[in-house]
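Number of protein chains: 2
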Amino acid sequence: MNEKLVYLRNKLKTQNIDGMIITNSSNVSYLLGIPSSIEAILLITKKENICITDARYIELINKIITVYDEIVVTNIKDVSKDDFENYFAFHENIGFEEYTLTYMEYKKMMHTYKLNNAVETDKIIEKQRMIKDDDEIQNIKKACEITDNCFKHLTNFIQIGMTEKEIAFEIEKYFKLNGADDISFKPIVASGVNSSVPHAIPTDKKIEEFDIITIDMGCKYNGYCSDMTRTIFVKGVKPEYKAVYDLVLKNQLLTLDEIKDGKSIKSLSQLVENDFKLYGYDLVHSLGHGVGLQIHEMPAVSAKNDTNLKQNEVITSEPGIYVFGRFGVRIEDTVLVGKEGGTALTNTTKDYVII
Amino acid sequence: MNEKLVYLRNKLKTQNIDGMIITNSSNVSYLLGIPSSIEAILLITKKENICITDARYIELINKIITVYDEIVVTNIKDVSKDDFENYFAFHENIGFEEYTLTYMEYKKMMHTYKLNNAVETDKIIEKQRMIKDDDEIQNIKKACEITDNCFKHLTNFIQIGMTEKEIAFEIEKYFKLNGADDISFKPIVASGVNSSVPHAIPTDKKIEEFDIITIDMGCKYNGYCSDMTRTIFVKGVKPEYKAVYDLVLKNQLLTLDEIKDGKSIKSLSQLVENDFKLYGYDLVHSLGHGVGLQIHEMPAVSAKNDTNLKQNEVITSEPGIYVFGRFGVRIEDTVLVGKEGGTALTNTTKDYVII
Numbered sequence: 041m042n043e044k045l046v047y048l049r050n051k052l053k054t055q056n057i058d059g060m061i062i063t064n065s066s067n068v069s070y071l072l073g074i075p076s077s078i079e080a081i082l083l084i085t086k087k088e089n090i091c092i093t094d095a096r097y098i099e100l101i102n103k104i105i106t107v108y109d110e111i112v113v114t115n116i117k118d119v120s121k122d123d124f125e126n127y128f129a130f131h132e133n134i135g136f137e138e139y140t141l142t143y144m145e146y147k148k149m150m151h152t153y154k155l156n157n158a159v160e161t162d163k164i165i166e167k168q169r170m171i172k173d174d175d176e177i178q179n180i181k182k183a184c185e186i187t188d189n190c191f192k193h194l195t196n197f198i199q200i201g202m203t204e205k206e207i208a209f210e211i212e213k214y215f216k217l218n219g220a221d222d223i224s225f226k227p228i229v230a231s232g233v234n235s236s237v238p239h240a241i242p243t244d245k246k247i248e249e250f251d252i253i254t255i256d257m258g259c260k261y262n263g264y265c266s267d268m269t270r271t272i273f274v275k276g277v278k279p280e281y282k283a284v285y286d287l288v289l290k291n292q293l294l295t296l297d298e299i300k301d302g303k304s305i306k307s308l309s310q311l312v313e314n315d316f317k318l319y320g321y322d323l324v325h326s327l328g329h330g331v332g333l334q335i336h337e338m339p340a341v342s343a344k345n346d347t348n349l350k351q352n353e354v355i356t357s358e359p360g361i362y363v364f365g366r367f368g369v370r371i372e373d374t375v376l377v378g379k380e381g382g383t384a385l386t387n388t389t390k391d392y393v394i395i
Numbered sequence: 041m042n043e044k045l046v047y048l049r050n051k052l053k054t055q056n057i058d059g060m061i062i063t064n065s066s067n068v069s070y071l072l073g074i075p076s077s078i079e080a081i082l083l084i085t086k087k088e089n090i091c092i093t094d095a096r097y098i099e100l101i102n103k104i105i106t107v108y109d110e111i112v113v114t115n116i117k118d119v120s121k122d123d124f125e126n127y128f129a130f131h132e133n134i135g136f137e138e139y140t141l142t143y144m145e146y147k148k149m150m151h152t153y154k155l156n157n158a159v160e161t162d163k164i165i166e167k168q169r170m171i172k173d174d175d176e177i178q179n180i181k182k183a184c185e186i187t188d189n190c191f192k193h194l195t196n197f198i199q200i201g202m203t204e205k206e207i208a209f210e211i212e213k214y215f216k217l218n219g220a221d222d223i224s225f226k227p228i229v230a231s232g233v234n235s236s237v238p239h240a241i242p243t244d245k246k247i248e249e250f251d252i253i254t255i256d257m258g259c260k261y262n263g264y265c266s267d268m269t270r271t272i273f274v275k276g277v278k279p280e281y282k283a284v285y286d287l288v289l290k291n292q293l294l295t296l297d298e299i300k301d302g303k304s305i306k307s308l309s310q311l312v313e314n315d316f317k318l319y320g321y322d323l324v325h326s327l328g329h330g331v332g333l334q335i336h337e338m339p340a341v342s343a344k345n346d347t348n349l350k351q352n353e354v355i356t357s358e359p360g361i362y363v364f365g366r367f368g369v370r371i372e373d374t375v376l377v378g379k380e381g382g383t384a385l386t387n388t389t390k391d392y393v394i395i
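For the record, the sequence lines run as chains U and Z. For reference, each letter of the first sequence is one residue, going 41 to 395 in my numbering. For reference, each letter of the second sequence is one residue, going 41 to 395 in my numbering.
Next up, chain U with everything else stripped away, as it sits in the complex (with noise of 0.2 Å):
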């Protein structure tokens, strides 16, 4: 059987979970290999692990599974009321995804599956998606490689006189024509005073002579994710542009040194915002979150989360300084969680990139 339906299958056990409804997409796709877009989903019984998707996609995830994913995949027409009914009998406890099944989804599910007893399972396979293993860390340092060269596009293509906007949309094109599935999320360029929000979105403001310039961007290869932000210049960098903006590197370049095995999530947080403090800025916005299938995923990374890193997660490292109406510098990595450690998966200089 797969290794990921192993390790979902004992920690069940360990908690006293006979089986589990997985509807979740981005769950499904983990624990098939499939891509999410896919239309199915994956049932654990006692016995067996049953995909059930439609005839638009039998033969599609036919050709990835293997006999070694023990995986049984059964066209939805082809199961009856009897049956839905059957493949619980006899459990006692069957696990459902409480965080993405809508309450009309959890009747009909209790109703389909005539359950007795379903329980939370209060995230399990989101906790078990947060160790990547080699082929997702691949997926991902991929992602990331399109990343880098798409930024290097960029600083040959970004002119004086063009909006945010133009800029925002060569890095979709960029991407969706040289590798990646599709943008892991919208671009956000924001130039100027428009810099000073964090989550701006693209605008038709041109670009101007002396801006300052934040792109974050990110792709998917594989249905894995990237995360990176550069914040640029334009013709030259001013010196309260300078001064901020080597606060955040600095901050930067230190949590990469911390982002390894063991490490307090917390202490990683206040790190950065102590440090801020001391020159009278907040870090308003999560230091980082989770990479992986999706864009955020676990672990949160800020001072709430009381938790600690683990070798192999990858994580975001994207600390910012906001000064309200006038500017704004955040620099972000997508950061493999070592043992010493991390290393970042983006490998875009951080020096002074004037354009």
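Simulated from the structure, these hints should not be mistaken for lab results. One or more of the hints may lead you astray.
So the derived label-pair ranges between C-beta atoms look like this [as the list claims (entries may be wrong)]:
| # | chain 1 | residue 1 | chain 2 | residue 2 | range |
| --- | --- | --- | --- | --- | --- |
| 1 | U | E248 | Z | K103 | 25 to 31 Å |
| 2 | U | I394 | Z | R366 | 53 to 59 Å |
| 3 | Z | Q199 | U | F250 | 50 to 56 Å |
Pairs of lysine-lysine residues, derived as PhoX-like cross-links and limited to a Cα-Cα distance of at most 25 Å, are as follows [what the hints assert, rightly or not]:
| # | chain 1 | residue 1 | chain 2 | residue 2 |
| --- | --- | --- | --- | --- |
| 4 | U | K86 | U | K44 |
| 5 | U | K350 | U | K379 |
| 6 | Z | K246 | U | K213 |
| 7 | Z | K147 | U | K148 |
| 8 | Z | K216 | U | K246 |
| 9 | Z | K205 | U | K213 |
| 10 | U | K53 | U | K87 |
| 11 | Z | K44 | Z | K103 |
| 12 | Z | K117 | U | K117 |
| 13 | Z | K147 | U | K147 |
| 14 | U | K213 | Z | K148 |
| 15 | U | K163 | Z | K148 |
| 16 | U | K181 | U | K87 |
| 17 | Z | K317 | Z | K290 |
| 18 | U | K205 | U | K278 |
| 19 | U | K192 | U | K205 |
| 20 | U | K344 | Z | K117 |
| 21 | Z | K205 | U | K205 |
| 22 | Z | K147 | U | K205 |
All C-beta atoms in this analysis are idealised placements derived from N, C-alpha and C, irrespective of residue type, glycine included.
Following the hints, position chain Z against chain U.
Then chain Z, alone, in the frame of chain U:
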């Protein structure tokens, strides 16, 4: 009080529902007239309409709503545990949105508001949203106009040798740079054999001589969507394409006459299904769907829907024929349901377009 809230309150009253917790962003957007990107919820209590949001949006919402709306806008930071518990004190049945609230959100809702009796509301607001008022129709018209203009642009833009992906990008770019808020869904550009799949994803396939190209696209204006499909030809129309095109077009035009107040949706769909069958084809997807703040909303336009069309609903009519492994034709307009017949709001020609 704004008319949409008055209407909803009356509906709730007839169902003995004393209050409602509205969390679905499209529904909140509809009732308050605010962009759906704003994070806010709406509480309908016996005494008040309360919009709860956070510091980021307070100012923006207060700019949009007027005293006439009778909506209290509150910062969630100023709402105490007691406030939450008191909102629905002395209320019997509190409605919630069972189709969009997750199981976990439902549980939290019960706890936060200390509810005894939360009742399902069976898409009460989604049903209200089916009938569009003048402002909504104007917004959809404007989105359709931008879509027509985009099509005109494409007839000059598309060249032999371009990829489907490049054309899909141009569509996105055109919309965002020419007055639309956003695309309403990812554009479909499917050429040659790729057009034989109803929901094709643009590929790296290049446009060739004598290709048939299906272009399905739409944008948003003030939050309201357009949706249009045209099937066009390169250099000339092969006879096999012509026969299928004519059959699809005949049916699409037929539906426009029948998209009128009181028309049974089932019989509208069967009209096309039956005519296709005469020629050995099946209608493999729904004939259409409602369009508004969401690209797919009520009513579903298929033989499974037992309701009748009503004046001022906006739906699509999009019959399509797909010849397995060879090609497909789909023609779609966004259509306003009128007293005597439908008015296509997308006005691009349906004659053979040869580029």
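Query raised in the report: Where does the structure disagree with the numbered hints, that is, which hint numbers, in rising order?
Result: Of the numbered hints, 3, 12, 14, 16 and 22 do not hold.
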